[in-house]
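Chain A is fixed; fit chain B onto it per the hints.
One letter stands for each residue in the lines below.
Protein chains: 2
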Amino acid sequence: MLETLEIDFAKGNGLVPVVTQDAVTGEVLMLAYMNEQALAETVQTGRAVYWSRSRGLWRKGEESGNHQDVREIRVDCDADTILLKVVQHGGAACHEGFPSCFYRKREDEGGWRTTATRLFDPATVYKKK
Amino acid sequence: MLETLEIDFAKGNGLVPVVTQDAVTGEVLMLAYMNEQALAETVQTGRAVYWSRSRGLWRKGEESGNHQDVREIRVDCDADTILLKVVQHGGAACHEGFPSCFYRKREDEGGWRTTATRLFDPATVYKKK
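Going line by line, the protein sequences match chains A and B.
By the numbering used here, the letter at position 58 of the first sequence is numbered 504, and the numbering carries on one by one without gaps.
By the numbering used here, the letter at position 107 of the second sequence is numbered 553, and the numbering carries on one by one without gaps.
Be aware that a few hints might be false.
Which copy is meant is left open, so a pair is good if it fits within one copy or across any two.
Distance condition first, Cα-Cα at most 20 Å in a straight line; then the derived SDA-like pairs of lysine to any residue [unchecked claim]:
{"no.": "1", "residue 1": "551", "residue 2": "515"}
{"no.": "2", "residue 1": "551", "residue 2": "564"}
{"no.": "3", "residue 1": "551", "residue 2": "479"}
{"no.": "4", "residue 1": "457", "residue 2": "523"}
{"no.": "5", "residue 1": "551", "residue 2": "472"}
{"no.": "6", "residue 1": "457", "residue 2": "498"}
{"no.": "7", "residue 1": "551", "residue 2": "486"}
{"no.": "8", "residue 1": "551", "residue 2": "473"}
{"no.": "9", "residue 1": "457", "residue 2": "482"}
{"no.": "10", "residue 1": "551", "residue 2": "453"}
{"no.": "11", "residue 1": "457", "residue 2": "499"}
{"no.": "12", "residue 1": "457", "residue 2": "479"}
{"no.": "13", "residue 1": "457", "residue 2": "483"}
{"no.": "14", "residue 1": "457", "residue 2": "524"}
{"no.": "15", "residue 1": "551", "residue 2": "471"}
{"no.": "16", "residue 1": "551", "residue 2": "448"}
{"no.": "17", "residue 1": "551", "residue 2": "468"}
{"no.": "18", "residue 1": "551", "residue 2": "490"}
{"no.": "19", "residue 1": "551", "residue 2": "482"}
{"no.": "20", "residue 1": "457", "residue 2": "481"}
{"no.": "21", "residue 1": "551", "residue 2": "493"}
{"no.": "22", "residue 1": "551", "residue 2": "541"}
{"no.": "23", "residue 1": "551", "residue 2": "450"}
Derived from the structure by calculation, the hints contain no laboratory data.
One chain only, chain A, in its complex shape:
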């Protein structure tokens, strides 16, 4: 049975947080936001489109080529958070060149350790304007 749902954009002033997960490995890649238009375009095109305060409508990978093909769209119990399962092109979701934005792990003694390997140098992918 299919349920009709209104995604609750009002709570976040027009935005909902979106958790993006690698559909193959299960690794959490990033957290971003969508407005209603970004979600509609994601559904329509099958590619992840977010909304960012600095970029506005943000077609992920438009500049870097590292777009995300959407395999699943999920919604949480309160209908105010989205989970995307994606195939990440280029292997790196993070603009810092790492596969995941969550490349730093807290150590018990305090402080954060980078546990991932950089796949590209941001300076060569994002041209300075």
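Then chain B, alone, in the frame of chain A:
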């Protein structure tokens, strides 16, 4: 080499979003928020503590018994989002009785399908007050 980092609580008016993932299966369980105190208590006790607008400081599982033992704390590139990897006690993170809050999947024809099995009836776990 360990890095010292200031988590950016300012951007979200004292709160950061927290993605919580099952440390064993990799399933994304929920999205919640922490303030500085919740993060400090999570680090100190090894159990997930969030902050919610309705509950204030929210020691996950205090009422349901379904607490979360923290295995890893990660931070994203902008230091404004946390990723927790946890062992979920009782098997269900969601107050609706599902293992994950993201129990509904969007179908291509539109509409949302519940793809998970309920592990408990919320009415028996959360006493009406």
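Next item on the list: Determine which of the earlier numbered hints do not hold for this structure and return their numbers in increasing order.
Entry: none
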